[in-house]
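Enquirer: Protein sequences, first through last, are from chains A and B.
Each step along the first sequence adds one to the number in the working numbering, with nothing skipped, and position 154 is 154.
Each step along the second sequence adds one to the number in the working numbering, with nothing skipped, and position 181 is 181.
What the hints contain is simulated information worked out from the structure, not anything from laboratory work.
Incorrect hints may have been included.
Facing chain B, a subset of chain A residues (Cβ under 10 Å, in silico) [stated by the list, open to error]:
{"#": "1", "residue": "N136"}
{"#": "2", "residue": "A138"}
{"#": "3", "residue": "W145"}
{"#": "4", "residue": "P209"}
{"#": "5", "residue": "K213"}
{"#": "6", "residue": "L215"}
We treat Cβ as the ideally placed atom computed from N, Cα and C, and that holds for glycine.
Protein chains: 2
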Amino acid sequence: MALEDVKALFFDVFGTVVDWRMSVIRELGVFGSEHDVEADWTEFADDWRGLYQPSMDAVRRGDREWRNLDTLHRESLITLLSRHSIQGCTEDQINHLNRAWHRLDPWPDSVEGMTRLRTKYILATLSNGNIALLVNMAKRAGLPWDAVIGAEPARAYKPLPQCYLRNAEYLALEPGQCMLVAAHNDDLAAANALGFRTAFVHRPSEYGPNQTKDLEAEGDWDIVADSMPEIADKLGC
Amino acid sequence: MALEDVKALFFDVFGTVVDWRMSVIRELGVFGSEHDVEADWTEFADDWRGLYQPSMDAVRRGDREWRNLDTLHRESLITLLSRHSIQGCTEDQINHLNRAWHRLDPWPDSVEGMTRLRTKYILATLSNGNIALLVNMAKRAGLPWDAVIGAEPARAYKPLPQCYLRNAEYLALEPGQCMLVAAHNDDLAAANALGFRTAFVHRPSEYGPNQTKDLEAEGDWDIVADSMPEIADKLGC
């Protein structure tokens with residue numbers, strides 16, 4: 001199929017559409033101020049994200065039943081609060097802090113570029129985030145989704161093939177009618193192996209000043225761009 | 001929980017948000033003109049909808065594996081084409097005609113009222129329609145959903161309890177934080193029995209001039225209204 005056959009753009013979300021790191025650092029700082037707790041919140045945020053892939057691995061392997069990302073994030077948060085010797089939080093405080101991931105800010109170019117892309121394409125999430133997380137994030141940030149789907153309704157975390165394929169099926173599209181937009185080469189490679197078209201967007205500060213991964217496109221992606229509006233330009237939107 | 005605790009409005013779609021009957025009659029008429037086929041398209045549309053509940057029953061009972069509504073609609077369409085002695089359609093023609101259900105027009109007040117409601121609430125589908133059907137419908141009609149979920153990701157057709165409950169879970173809400181908006185008393189009764197709040201909207205011509213059902217609210221619903229803007233008025237949007 002040709003690039004003209006693409007009907008839907010699926011987006012990775014954490015790092016691609018939103019700046020999870022600075023947003024989570026900010027939310028942790030607010031939590032610290034409100035509850036008079038001091039910690040290295042930058043390190044805490046990076047540690048929390050560091051537990052992200054390992055927390056999904058047991059579900060991917062089938063060693064655990066399906067658990068959505070809010071649940072996995074919360075388990076990691078409990079581990080880290082203990083590790084940083086932060087004690088005495090109420091359940092409500094922990095739940096509010098866990099939902100920091102529902103309050104992530106978009107990169108400055110995301111909403112403008114996506115709004116242009118939406119005039120021509122169906123825009124859908126293809127995130128490991130769960131539906132509530134993504135809906136609350138979109139409502140707060142003004143992200144213009146047509147469909148909030150992804151790992152949770154597919155009951156499979158990326159990069160498992162069924163995550164990509166079930167999401168294409170939810171839109172009644174063939175993989176070749178779908179394009180994944182992502183800042184991560186491994187995500188694009190997994191989608192492309194199944195027939196998805198691909199757009200790489202540079203997000204060189206996703207992991208902060210010392211980022212070592214995904215600084216360059218490492219595959220033969222259909223589109224390589226520095227921003228969402230540049231993807232819109234290249235797709236004629 | 002009080003009415004003030006409601007965070008999300010879930011909408012029934014066929015009949016409540018969109019006028020399926022006049023839209024399907026129109027689509028059948030276009031099909032007839034294009035392919036030089038004559039039939040009583042009003043009767044055909046009513047017959048097609050007549051097969052809707054029976055087609056879901058086998059899935060509800062568990063006698064069949066999950067099949068989404070596009071698949072069930074298509075099986076019913078094949079039955080009716082044969083019954084009306086309409087022969088020689090290609091697969092592409094049948095698929096296009098089956099997607100008449102993706103091209104339904106909203107009632108004239110739906111978009112205005114929902115746009116107002118969306119300023120205060122999460123708006124989500126709680127339809128037996130599948131995701132592709134609902135996304136394509138929304139894209140064409142400008143329906144302002146925050147979340148397109150419903151029977152398909154829940155893998156259960158209304159009025160089975162798990163359809164309502166799994167959709168509340170997808171938004172990480174308790175049933176009492178959810179309100180179902182519907183033109184059908186039986187749908188509201190099923191949701192209310194599980195703790196959902198309820199809004200009845202009169203759609204007295206959904207089934208045409210001889211409609212006999214759902215002409216009046218038959219339960220103690222939280223809201224009874226003649227239009228979506230009236231629901232917005234009553235919810236202070």
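Enquirer: State for each hint whether it applies.
Expert: Structure-based check of all given hints:
1. N136: holds (8 Å)
2. A138: Cβ of A138/A sits 7 Å from chain B, so the hint holds.
3. W145: Interface hint status for W145/A: holds (8 Å vs cutoff 10 Å).
4. P209: violated (34 Å)
5. K213: violated (31 Å)
6. L215: violated (34 Å)
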